[in-house]
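Engineer: One letter stands for each residue in the lines below.
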Amino acid sequence: MTPTSTRLARTLTGWSFMAPALTMIGLFLLYPILSSLYMSTQVGRGLNLSFGGLANVTRLTEDPVFLHALSNTGIFLVVQVPIMIVLALLLAAALNDSTLWGRGLFRTAVFLPCVTSLVAYAVLFKSMFASDGVINNALVWTHLVSAPIPWLTDTFWAKIVVILAVTWRWTGYNMIFYLAAMQNIDRSIYEAARIDGVPAWARFTRLTLPMLKPVILFTTVTSTIGTLQLFDEVNNLTQGGPADATLTLSLYIYNLTFKFMPSYGYAATVSYVIVVLVMLLSFAQFAVARERRPS
Amino acid sequence: MSLRFVGRAFTYLGLAIAAYLSVFPFYWMMVGATNTSADIIKGKAGYGAALWDNFAKLFAQVDMAQVTLNSAEIAAIGTALTLLVSSMAGYGFEMFRTRISERVFAFLLLLLSIPFAAIMVPLFVTMSKLHIVNTFLAVIIPSVASIFIIFYFRQSSKAFPTELRDAARVDGLKEWQIFLYIYVPVMRSTYAAATIIVFMANWNNYLWPLIVLQTNEKKTITLVVASLGSAYVPDYGVVMVATTLATLPTLIIFFLLQRQFVEGLVGSVK
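Protein chains in written order, with my numbering: chain A, 1 to 295; chain B, 1 to 270.
In isolation and in its complexed conformation, chain A is listed as follows (with noise of 0.2 Å):
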């Protein structure tokens, strides 16, 4: 054979190789995405469907359900994202040092909570955080309350239960990836540093946080991404109560395809709020990570 027809054949088997893998992705990931942006344009109920152009859009618009749902992911992404990472990175900070006793215990302990299915750790909250539950009785008990909190019937306390339950399930998870990155650091940075009288706090914020910045991004992104598909959590803790309280977007485009008289017109536009902001939050993500490079 000649070279031309050697690589020629190679680049075939090349695609051979990713033909399987690529075809799958058109039909189950492509395919459904262009057809939901077709669907967005789209009004009626059921399979009884017509063209409405943006008629869609301006529903999401004066759509208070909508609306609430939207600020609900809002603020589970602005208040939990942020406490989530910064305790990964405490943790990380403290289990990185190698003269610390009991150090793969505590690690596996934070990390435990990683194997738990979402919808298991969401029933689980549920009965603990009950009325009269056990969270309740120790709040209680130790004088930190004086009466038990309406934990999953009041509008704030269930936002606050999603919020500690998505902080126990992923921060072991974002915390296993700082430590990596924290151990995959020269030493002998932090060696010369030491000698220099650099003080341990100053070490963190000056060379560790700088160093981890794209890790620390990437967790970024994908718990963003986590938290705008939001659904397990909700749908198992509260089902989106009390009064849409704990709604989010997810759980909004799933009650109106199969729980309600089916709008699939409407779902595919609330779905495709979601792909637009997490291109957004993603696309800022990285601009902000860029901007802040030393120069």
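Keep in mind that a hint or two might mislead.
Straight line, CA to CA, 16 Å or less: simulated EDC-like cross-link-like pairs of lysine to aspartate or glutamate [unchecked claim]:
no.	chain 1	residue 1	chain 2	residue 2
1	B	LYS42	A	ASP132
2	B	LYS218	B	GLU73
3	B	LYS44	A	ASP132
Some but not every residue of chain B turned toward chain A, in silico, with C-beta under 8 Å [said to hold, decoys possible]:
no.	residue
4	PRO25
5	ILE41
6	GLY92
7	PHE93
8	SER113
9	ILE119
10	TYR206
11	THR250
12	LEU251
13	LEU265
Now the stretches of chain A that chain B is said to cover, found in silico as 3 or more residues with beta-carbon under 8 Å [claimed, not checked]:
no.	segment
14	4-18
15	24-30
16	88-99
17	127-136
18	232-241
19	244-256
20	261-274
Keep in mind that the hints were calculated from the coordinates and are not lab data.
In this text, a Cβ means the ideal position worked out from N, Cα and C, and glycines have one as well.
Guided by the hints, dock chain B onto chain A, whose structure is given.
Structural biologist: Just chain B now, with coordinates in the frame of chain A:
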């Protein structure tokens, strides 16, 4: 010295609190499995005597053998297919790079950020057009070509010694033989880590099975936990037994293969 000592003490205190809060719900789950629903809601934190009662009630309500089998079947077939299809693609993208394939790969990474909620409605419509709603095939097939796993294998393939491939070519092995007999065995730790991640994702999957599996004899253990927990008045003793059973396989895998578990999570971003 004393300042350092105080700092140390605070570190241990913080870690102890974090570890306690992380582990407590597991303790709560296992203790709950031995208590009556009334005791659980009252926050009883010690072991009770209702374990067999709860078991009996759960098995009377749900065909647990069938449900566990369903979950196992979906997770096993789903994992095997995902690893095959996605590792082949990751291998292809790394070993047979062309200008076009690099562009396709960049495009795939862009698709990675598409939320599942945005495709679930058309996906469901596709499944009903294919007449496979309420089958395991419908649960498994959309996630078989996982961009995340393709990416993971491509990244890991960078460590694959290409001399092995070149030597095999000289020896006259066909490309699929090189993949199957050389790449797969050499990359077994990558496969192990990916297996854990994909198995967990399949076993714990909720939203998509909730949509496509509609009859009781097809339900997975995750769906059963959810429906027991969302009952108007949940029997929490029964719920805790079901939750424990649903969590046990992943817990066992975690403790047996902790290193691969963590490697699988972190490996993809290295």
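Engineer: Evaluate each hint against the coordinates.
Structural biologist: Going through the hints against the structure:
A distance of roughly 5 Å separates the Cα atoms of B/LYS42 and A/ASP132; the hinted pair therefore holds under the 16 Å criterion. For the suggested pair B/LYS218 and B/GLU73, the alpha carbons sit about 11 Å apart, so the restraint of at most 16 Å is met. At most 16 Å may separate the alpha-carbon atoms for a hinted pair to count; B/LYS44 and A/ASP132 meet this at roughly 10 Å. About 5 Å separates the beta-carbon of B/PRO25 from the nearest beta-carbon of chain A, less than 8 Å, and the hint is met.
A least Cβ separation of about 5 Å between B/ILE41 and chain A falls short of the 8 Å threshold, and the interface hint therefore holds. Contact between B/GLY92 and chain A, as hinted, is supported at the beta carbon level, the nearest pair being about 3 Å apart and thus within 8 Å. Residue-level restraint check for B/PHE93 holds (minimum Cβ-Cβ distance to chain A is 6 Å; threshold 8 Å). Given the 8 Å rule on beta carbons, the hint for B/SER113 holds: about 5 Å separates it from the nearest Cβ of chain A.
Using the Cβ-Cβ criterion of 8 Å, the hint placing B/ILE119 at the interface with chain A is satisfied: the shortest such distance is roughly 4 Å. Look at B/TYR206: its Cβ gets to within about 5 Å of chain A, closer than 8 Å, so that hint holds up. A least Cβ separation of about 5 Å between B/THR250 and chain A falls short of the 8 Å threshold, and the interface hint therefore holds. A least Cβ separation of about 5 Å between B/LEU251 and chain A falls short of the 8 Å threshold, and the interface hint therefore holds.
Interface restraint check for B/LEU265: the shortest CB-CB distance to chain A comes to about 6 Å, inside 8 Å, so the restraint holds. Taking a C-beta to C-beta cut-off of 8 Å, the segment 4-18 of chain A contributes 8 residues in contact with chain B, enough for the three needed, and the coverage statement holds. Only when three residues or more bring their CB closer than 8 Å to a CB of chain B does the claim for the segment 24-30 of chain A stand; here the count is 6, and the claim holds. For the segment 88-99 of chain A, the proposed coverage by chain B is satisfied: 5 residues have a C-beta within less than 8 Å of a C-beta in that chain, meeting the threshold of three.
Restraint check on the segment 127-136 of chain A versus chain B: 8 residues with Cβ-Cβ distances below 8 Å, three needed, restraint holds. Here's how the segment 232-241 of chain A fares: 4 of its residues keep a CB closer than 8 Å to some CB of chain B, so the rule of at least three is met and the hint holds. With 4 residues having a beta carbon nearer than 8 Å to a beta carbon of chain B, the segment 244-256 of chain A meets the requirement of three or more and the stated coverage holds. Given as covered by chain B, the segment 261-274 of chain A passes the check, having 6 residues with a CB less than 8 Å from a CB of that chain where 3 are the minimum.
Every hint from the earlier list agrees with this structure, and none is contradicted.
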